[in-house]
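*Asks:* Spelled out from the first residue to the last, the chains are:
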Amino acid sequence: MRIQVQGILKKYGERMLFSIPSLEIGSGQSLHLQGENGAGKTTLMKILAGLERPSSGSIILNGIDSRSWWKRPHHKLIYLHQTPFVFSGSVSDNVRFGLGYQFSSRRDLDKRVEAALELSGLTHLATQEARTLSGGEKQRLAMARAAILEPSMLMLDEPTANLDAESIKIVTEMVTSLSAQECCIMLSSHQKTSLTQLCQRQLQLKAGQLLEVFENPEYSKYA
Amino acid sequence: MDPLLVTSLDAIKLLVSGDEALWNIIGVSCRVSLTALSIAAIPAVLLGFLLAMVRFPGRWVVITIFHALMAVPTVVVGLSLYLMLSRSGPFGDLHLLFTQPAMVIGQVLLCFPVLVCMSHSAFQSLDKRAWETARTLGASHGRSFIALVREARFALLATLVVGFGRIISEVGCSMMVGGNIMSYTRNIPTAIALETSKGEFAQGVALGIVLLLLALVLNFFLASFRGRGQLVSS
Numbered sequence: 001m002r003i004q005v006q007g008i009l010k011k012y013g014e015r016m017l018f019s020i021p022s023l024e025i026g027s028g029q030s031l032h033l034q035g036e037n038g039a040g041k042t043t044l045m046k047i048l049a050g051l052e053r054p055s056s057g058s059i060i061l062n063g064i065d066s067r068s069w070w071k072r073p074h075h076k077l078i079y080l081h082q083t084p085f086v087f088s089g090s091v092s093d094n095v096r097f098g099l100g101y102q103f104s105s106r107r108d109l110d111k112r113v114e115a116a117l118e119l120s121g122l123t124h125l126a127t128q129e130a131r132t133l134s135g136g137e138k139q140r141l142a143m144a145r146a147a148i149l150e151p152s153m154l155m156l157d158e159p160t161a162n163l164d165a166e167s168i169k170i171v172t173e174m175v176t177s178l179s180a181q182e183c184c185i186m187l188s189s190h191q192k193t194s195l196t197q198l199c200q201r202q203l204q205l206k207a208g209q210l211l212e213v214f215e216n217p218e219y220s221k222y223a
Numbered sequence: 224m225d226p227l228l229v230t231s232l233d234a235i236k237l238l239v240s241g242d243e244a245l246w247n248i249i250g251v252s253c254r255v256s257l258t259a260l261s262i263a264a265i266p267a268v269l270l271g272f273l274l275a276m277v278r279f280p281g282r283w284v285v286i287t288i289f290h291a292l293m294a295v296p297t298v299v300v301g302l303s304l305y306l307m308l309s310r311s312g313p314f315g316d317l318h319l320l321f322t323q324p325a326m327v328i329g330q331v332l333l334c335f336p337v338l339v340c341m342s343h344s345a346f347q348s349l350d351k352r353a354w355e356t357a358r359t360l361g362a363s364h365g366r367s368f369i370a371l372v373r374e375a376r377f378a379l380l381a382t383l384v385v386g387f388g389r390i391i392s393e394v395g396c397s398m399m400v401g402g403n404i405m406s407y408t409r410n411i412p413t414a415i416a417l418e419t420s421k422g423e424f425a426q427g428v429a430l431g432i433v434l435l436l437l438a439l440v441l442n443f444f445l446a447s448f449r450g451r452g453q454l455v456s457s
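Sequence order for the protein chains is A and B. The first sequence begins at 1 in the working numbering and counts up by one. The second sequence begins at 224 in the working numbering and counts up by one.
Rather than coming from a laboratory, the hints here were simulated on the basis of the structure. Every residue, glycine too, gets a C-beta built ideally from N, C-alpha and C. Just so you know, not all the hints are guaranteed correct.
Derived Cβ-Cβ restraints for the label pairs, each shown as a range [said to hold, decoys possible]:
hint, chain 1, residue 1, chain 2, residue 2, range
1, A, Y12, B, S261, 39 to 45 Å
2, B, L435, A, S134, 42 to 48 Å
3, A, S134, B, I235, 50 to 56 Å
4, B, L317, A, R67, 41 to 47 Å
5, B, I369, A, R107, 21 to 27 Å
6, A, D93, B, G312, 50 to 56 Å
7, A, Y12, B, T258, 56 to 62 Å
8, A, L109, B, Y407, 52 to 58 Å
9, A, Y12, B, R254, 48 to 54 Å
10, B, R373, A, N37, 29 to 35 Å
11, B, Y407, A, Y12, 22 to 28 Å
12, B, V385, A, G89, 22 to 28 Å
Only chain A is shown next, with the shape it has when bound in the complex (with noise of 0.2 Å):
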């Protein structure tokens, strides 16, 4: 998967909130965008997603232009929220969700629920209703949610804010284990966590314009 940004800028009536030249993500890559609150990071990922669009330039995904996207679902890129939403229903209806549309065997699909539920730790809550959940519950569920879909990208937004510890370590092995399969990972956090020190490339919108950060800060740069 190749993810292309070709000059985007999103406005808000006359107030500008960023402009990017040019981004490319490869494969498997991990990036951790950072920013001050209002730099833009919600939008930029939810751009990126599809969720939003661009007060004008494109992302280009595997050579098809993002303003063709509304034709299709694009499940394979998977925006979180900071406070995920979870459906009313079962915890099990939820992870189901994504795969309504899938022509799978029922027994495929319950295994698949199965397995997400275990990974996400979250087995013994299937029936419970979702709503019902704590906050680092719902997270978890979210991540199973989007991990069933094996997505090509998955973008968090804050995704351990407000967690303890044990939620942080379910989430950060789904995350890792997500990316050794080859998923994309960006996600935005204003803390350092075991999360943020898994990505590879380090990405900061400040003042509307994406810097790519490297340690050595002479060698940053403007995307």
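Place chain B on chain A using the hints.
*Replies:* Below, chain B alone, put in the same frame as chain A:
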């Protein structure tokens, strides 16, 4: 005995005895109103959804117009429809005036704005993340819409109940385009108006009881359905 009590007892006797004329009126009312609601519901909910989700120039004008249409008196809708369906009107050739289909059209026009506005509010009050989550997990637009309908089901059910309430109890439009023809276009509200004007209070009260029972049953049904959906944070 108190005249009100006597009338009420007579009304209950009429209902229990299975009076054919009375039950015929109830049948016409339910048939016409349920048909109108079934016709209006899906397009209205879809329109409410689009108004909540899609940003386009003039969107607020459309929303304001629908809000204004909710308050249009039923008799005005009836009069407008009467003029269109009468012989000299543009749709006179269809010979629909004083028929049940004319009543259905009138009731569709009456409940459509209510259904649009209330379903628009129901979708607008949903968390934006619901749509984004469905889409990012690969659901098509149609499946994402169904997921949102599921999330807003209590509010949407209340929308249908309110829409039904608006049309089952309206007199003006049914009287004007239905004509209050016995065993054909006479429904509960027009029959109550007629019987009361004739001094036949028992049948009027009996029909009033039916309307009250209908409202109670619908609201109990809604309350029990809501009761199962406990309020929890999403």
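*Asks:* Are A/Y12 and B/T258 spaced within 56 to 62 Å by their CB atoms?
*Replies:* violated, 47 Å
*Asks:* Given a hint of 41 to 47 Å, does the C-beta separation of B/L317 and A/R67 actually sit inside it?
*Replies:* Holds - the Cβ-Cβ distance for B/L317 and A/R67, about 46 Å, lies within 41 to 47 Å.
*Asks:* For the range 29 to 35 Å, tell me whether the beta carbons of B/R373 and A/N37 fit it or not.
*Replies:* holds, 33 Å
*Asks:* At the C-beta level, are B/Y407 and A/Y12 separated by a distance inside 22 to 28 Å?
*Replies:* violated, 59 Å
*Asks:* A/S134 and B/I235, beta-carbon distance inside 50 to 56 Å?
*Replies:* Holds, since A/S134 and B/I235 (Cβ atoms, about 55 Å apart) stay within the stated range.
*Asks:* Verify the CB-CB distance for B/L435 and A/S134 against the hinted window 42 to 48 Å.
*Replies:* About 46 Å separates the Cβ atoms of B/L435 and A/S134, which means 42 to 48 Å holds.
*Asks:* Take a look at whether the Cβ-Cβ distance between A/D93 and B/G312 falls inside 50 to 56 Å.
*Replies:* Distance hint for A/D93, B/G312 holds at roughly 53 Å.
*Asks:* Holds or violated: 39 to 45 Å for the Cβ distance of A/Y12 and B/S261?
*Replies:* Since the Cβ atoms of A/Y12 and B/S261 sit about 42 Å apart, the hinted range of 39 to 45 Å holds.
*Asks:* Is it true that the C-beta distance of B/V385 to A/G89 lies inside 22 to 28 Å, as the hint says?
*Replies:* Holds, at about 26 Å.
*Asks:* Please check whether A/L109 and B/Y407 have a Cβ separation lying inside 52 to 58 Å.
*Replies:* holds, 54 Å
*Asks:* With respect to the beta-carbon atoms only, verify the hint that B/I369 and A/R107 lie 21 to 27 Å apart.
*Replies:* Holds, at about 25 Å.
*Asks:* So does A/Y12 sit 48 to 54 Å from B/R254, Cβ to Cβ?
*Replies:* Roughly 52 Å apart at Cβ, these two residues keep to the hinted range, so it holds.
In this structure, the earlier hints numbered 7 and 11 are contradicted, and the remaining ones agree with it.
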